[in-house]
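Position chain B against the provided structure of chain A, taking the given hints into account.
This is what each chain is made of:
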Amino acid sequence: MYMGKNIIEYRDLSIIHSHQKVLENFNLIIKEGEKVLIRGKSGTGKSTLFLCLLGLMRPSKGDVYFKDLPVNGNSVSVVRTKIAYVPQDVDVGRDSVNEFFDTIFSYNAVGFTPDFEKIQRLLEWFELDDSILKKEFKSLSGGEKQRIILILSLLLERNVFLLDEPTSSLDSSLKSKVVDYFVNDPSLTVVVISHDPQWEREGLRVVDIPNK
Amino acid sequence: MAEINLIQNIGVSGFIFCALLLILPFMVSYYFKLGIIKKSVIIVSRMSFQLFLTGLLLTVVFDINNPLINVLWVFVMLFFATYTILEGTDFKTGPFLPTMLILFSIANILVLFYFTGFIIKLDDIFEARYLIPIAGMLMGNSLRANIVALNDFYQDVKNNEQRYLYRLCVGASKKEALFPYMQRSMLSSLKPTLANMATMGIVFLPGMMTGQILGGVDPILAIKYQITIMVAIFVTTVLGVLICVIVVVEKGFDDYDLMVEDIKKV
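If you're matching them up, the sequences are chains A and B in order.
Using my numbering, read the first sequence as starting at 2 and increasing by one per residue.
Using my numbering, read the second sequence as starting at 42 and increasing by one per residue.
With the rest of the complex left out, here is chain A (with noise of 0.2 angstroms):
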């Protein structure tokens, strides 16, 4: 069995938001190249894993490790640039598609612009038209939405992917797609939630959460 590198560790983590327990002492040992799906009810604290690894929560008690760096106030900003983060819901204000891309490729620690055509060919594996690049985010229906948020992960060329409910306003076809894209790639390194059957498949190890 290929035993790479941790990437992510969870050491006996416990959150508790507004007076209640969401996690009590997690644990969890994500290597490099694996592919991790987590299931559970909602409100068992999927997302804040995800939240305390980028920093965006602090837990109450235990530790997070990014690449055996442990996550805190100084090796915050270097994770968020090793991760591309795929949340439920992205809000960019009036920006355009494009006006988004480029905001995003202006920080100095992104480091780079991609190339159009990188761009055009994404947007045509996701089934998505050039003109949508011109109209404002906020106008896009859920599944355009997801999609450009999909394609802005695969262009930050970033390796370790958290994917919160990726594919739930893609039709099948193209969910299983975006699945196999994930799936096959062994350099990435891959945990998502989602309640997708689609991704519920060989090669997957699947993480339940236990209802509290």
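Be careful, since some hints might not be right.
[As the list claims (entries may be wrong)] With a Cα cut of at most 27 angstroms, we get these calculated BS3-like pairs of lysine-lysine: (1) B:K305 - B:K199; (2) A:K83 - B:K232; (3) B:K292 - B:K305; (4) B:K265 - A:K139; (5) B:K232 - B:K80; (6) B:K215 - B:K232; (7) B:K306 - B:K292; (8) A:K146 - A:K178; (9) B:K265 - B:K133; (10) B:K215 - A:K62; (11) B:K232 - A:K68; (12) A:K22 - B:K199; (13) A:K136 - A:K146; (14) A:K83 - B:K80; (15) A:K136 - A:K176; (16) B:K215 - B:K292; (17) B:K215 - A:K146; (18) B:K216 - B:K232; (19) A:K139 - B:K306; (20) A:K62 - B:K292; (21) A:K146 - A:K119; (22) B:K133 - B:K232; (23) A:K146 - B:K199; (24) B:K292 - B:K162; (25) A:K139 - B:K162; (26) B:K232 - B:K199; (27) A:K62 - A:K6; (28) A:K146 - A:K42; (29) B:K133 - B:K305; (30) A:K83 - A:K176; (31) A:K22 - A:K42; (32) A:K42 - A:K178; (33) A:K22 - A:K6; (34) B:K199 - A:K83; (35) A:K135 - A:K146.
By construction, these hints were calculated from the structure, which means they are not laboratory data.
None of these values were measured; they are calculated from a predicted model.
Same frame as chain A, but now just chain B:
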């Protein structure tokens, strides 16, 4: 001193007539049940007392005209201005006061001495008769913009927190992710100052100019002062707003770049 004698004195009877004028707002308040009669009596009395005290103190300060006392007076004004700004915001005054006071002092004093030194070219740049009223105009007129900047900026980030956090996740530094919010709050806080300048002289005659004209000063000299003071006010406002935004960026976020909640008033 001949010019100053041109001003008509306001005597005791003048004050009685002035007080009589207040009957009109009292009647309005009574009819519409605004309940501001008592409040306005208190506030007008308070204002009169404050101004009377200031008048007395200024008389002494102008008389002595000691550079050290004049600068000290300016610092007392700076302290009250900073305090008033913070009291007008949603932020706790204590943690912000020292930093803001230092930064505001630097900005205001730079503009102030630039004004007295290079623009009106005073022989004595510490001359109380110029220094203190001009300092008052700079601070007083930038106050509102500072309050707006402080409140708007933090609230805007709060209202659009998702957007801010997503940008952080993608790899934006705190400053990069906050940049659009900084732009917006600066624009909205500077708008009134700009609008004010745009209508100046057409819609209203500003206070300083009116004062100088009443004092017998040639209107052309009065507008020269008005133009230069307006530019100085604008510069002070921009610097003040910049300081406010920087202080919130530095103090309003923790080492994870997340918004700090306990800096707000309860």
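Here's how the hints hold up against the structure:
no., hint, verdict
1, B:K305 - B:K199, "holds, 12 angstroms"
2, A:K83 - B:K232, "violated, 40 angstroms"
3, B:K292 - B:K305, "holds, 11 angstroms"
4, B:K265 - A:K139, "violated, 50 angstroms"
5, B:K232 - B:K80, "violated, 31 angstroms"
6, B:K215 - B:K232, "holds, 26 angstroms"
7, B:K306 - B:K292, "holds, 14 angstroms"
8, A:K146 - A:K178, "holds, 17 angstroms"
9, B:K265 - B:K133, "violated, 40 angstroms"
10, B:K215 - A:K62, "holds, 26 angstroms"
11, B:K232 - A:K68, "violated, 48 angstroms"
12, A:K22 - B:K199, "holds, 25 angstroms"
13, A:K136 - A:K146, "holds, 11 angstroms"
14, A:K83 - B:K80, "violated, 60 angstroms"
15, A:K136 - A:K176, "holds, 23 angstroms"
16, B:K215 - B:K292, "holds, 12 angstroms"
17, B:K215 - A:K146, "holds, 25 angstroms"
18, B:K216 - B:K232, "holds, 23 angstroms"
19, A:K139 - B:K306, "violated, 34 angstroms"
20, A:K62 - B:K292, "holds, 25 angstroms"
21, A:K146 - A:K119, "holds, 18 angstroms"
22, B:K133 - B:K232, "holds, 26 angstroms"
23, A:K146 - B:K199, "holds, 23 angstroms"
24, B:K292 - B:K162, "violated, 39 angstroms"
25, A:K139 - B:K162, "violated, 56 angstroms"
26, B:K232 - B:K199, "holds, 22 angstroms"
27, A:K62 - A:K6, "holds, 24 angstroms"
28, A:K146 - A:K42, "holds, 24 angstroms"
29, B:K133 - B:K305, "holds, 5 angstroms"
30, A:K83 - A:K176, "holds, 25 angstroms"
31, A:K22 - A:K42, "holds, 15 angstroms"
32, A:K42 - A:K178, "holds, 25 angstroms"
33, A:K22 - A:K6, "violated, 31 angstroms"
34, B:K199 - A:K83, "holds, 26 angstroms"
35, A:K135 - A:K146, "holds, 13 angstroms"
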